[in-house]
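Engineer: What follows is the residue order along each chain.
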Amino acid sequence: VAGAPRASGEISGPTGMIVGSILALMAFLLAIAMGMAADRFDTRRGLVLQEGNAIGTTLLRGGYVPEPHSTQLEALLREYVPLRIVDDQEELQAQIARSVEIHDEMWTIAEELARESGERPVVAIFIESLNETIDLHTSRVTAGLYARVPPTVIWFLVAGVVLSVAMVGYNAGLTGRRSTITAVMLAVVLSAVVALVVDLDRPAEGVIRTSQQPLIDLRDSLDGR
Amino acid sequence: MSQQPLDDIPLLVVVAALFVVTLAFYELGYRIGRWRERRAPQARSRGRPA
Numbered sequence: 086v087a088g089a090p091r092a093s094g095e096i097s098g099p100t101g102m103i104v105g106s107i108l109a110l111m112a113f114l115l116a117i118a119m120g121m122a123a124d125r126f127d128t129r130r131g132l133v134l135q136e137g138n139a140i141g142t143t144l145l146r147g148g149y150v151p152e153p154h155s156t157q158l159e160a161l162l163r164e165y166v167p168l169r170i171v172d173d174q175e176e177l178q179a180q181i182a183r184s185v186e187i188h189d190e191m192w193t194i195a196e197e198l199a200r201e202s203g204e205r206p207v208v209a210i211f212i213e214s215l216n217e218t219i220d221l222h223t224s225r226v227t228a229g230l231y232a233r234v235p236p237t238v239i240w241f242l243v244a245g246v247v248l249s250v251a252m253v254g255y256n257a258g259l260t261g262r263r264s265t266i267t268a269v270m271l272a273v274v275l276s277a278v279v280a281l282v283v284d285l286d287r288p289a290e291g292v293i294r295t296s297q298q299p300l301i302d303l304r305d306s307l308d309g310r
Numbered sequence: 037m038s039q040q041p042l043d044d045i046p047l048l049v050v051v052a053a054l055f056v057v058t059l060a061f062y063e064l065g066y067r068i069g070r071w072r073e074r075r076a077p078q079a080r081s082r083g084r085p086a
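If you read the sequences in order, they're chains L and C. What the first sequence shows, in the working numbering, is residues 86 to 310, in sequence order. What the second sequence shows, in the working numbering, is residues 37 to 86, in sequence order.
No lab work stands behind these hints, which were simulated from the structure alone. Every residue, glycine too, gets a C-beta built ideally from N, C-alpha and C. Be a bit skeptical, because a hint or two may be false.
Derived coverage of chain L by chain C (criterion: at least 3 residues anywhere in the stretch with Cβ under 8 Å from a Cβ of chain C; other residues may be distant) [stated by the list, open to error]:
(1) 240-250
(2) 268-280
(3) 290-303
Covered stretches of chain C (in silico footprint by chain L; criterion: 3 or more residues with CB under 8 Å from a CB of chain L, positions within the stretch not fixed) [said to hold, decoys possible]:
(4) 43-53
(5) 56-64
(6) 67-73
With the hints as constraints, model all of the structure from the sequences given.
Structural biologist: Here it is, written out as structure tokens:
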């Protein structure tokens, strides 16, 4: 009843239950956000492997096409592979722009080959793998730059963490009992989980990065040829 | 290029800021709780029949 006197237990009792529910809801939200970030991270990692394989196949099949196209293609792919290794966010746009230029140059060669060689199977399978290489460029750009965890989810996560911890503090205030160590540990754990979600969602920055190893291996094998 | 709200902030700063803000809100919640608890006995005494 509004305005009715409240005993101390009547305030703290239901509040504790509500705080428990809010924390459970936060755990659910954190799990969803972590799942979204981890999915995107796995996709990016898988695409790096696929691209490494596709470029390697294009390089091998490019060896079957007649000269001088074969040599031109190898030179272009040798320049292309290091551009696909993302290790510096600052240079990313320049790498993407040069990659697209190389696609155009390789495609021009493929068109010439198709015109000169007619319907030779060797040319057909080379064009197929070149097409896949170009498609994977688009997939990686989309996965790396645009397919991120929606900002709304990140903001909800931050607001949820802050407000749920405030409710834990409120409940401690009502009961008059609090532990500094528990509060600090709660803040550390929740901040770390949110930071993990943010980190997983940053492809080329932070502690957890998408491994570029398949492309690094390909570059090293090309350097050794 | 797609930009997230926290993209321009280094990860360590994000962690530190979250930690500080979280602790600050815990303290704020605690103080509000204490204030509410202190007010409760007063409300009880006001509501008591003469």
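Engineer: Do three or more residues from the stretch 290-303 of chain L put their C-beta atoms closer than 8 Å to C-beta atoms of chain C?
Structural biologist: holds (count 3)
Engineer: Residue count check for the stretch 56-64 of chain C against chain L: does it reach three with CB-CB under 8 Å?
Structural biologist: holds (count 7)
Engineer: For the stretch 268-280 of chain L, do at least 3 residues have a Cβ located nearer than 8 Å to some Cβ of chain C?
Structural biologist: holds (count 10)
Engineer: Using a Cβ cutoff of 8 Å, are there at least 3 residues of the stretch 43-53 of chain C near chain L, or does the coverage claim fail?
Structural biologist: holds (count 4)
Engineer: Taking beta carbons only, do three or more residues of the stretch 67-73 of chain C come closer than 8 Å to chain L?
Structural biologist: holds (count 7)
Engineer: Within the stretch 240-250 of chain L, is the number of residues with a Cβ closer than 8 Å to a Cβ of chain C three or more?
Structural biologist: Contact hint for the stretch 240-250 of chain L vs chain C: holds, 6 residues under 8 Å.
Checked against the numbered hints above, the structure breaks none of them.
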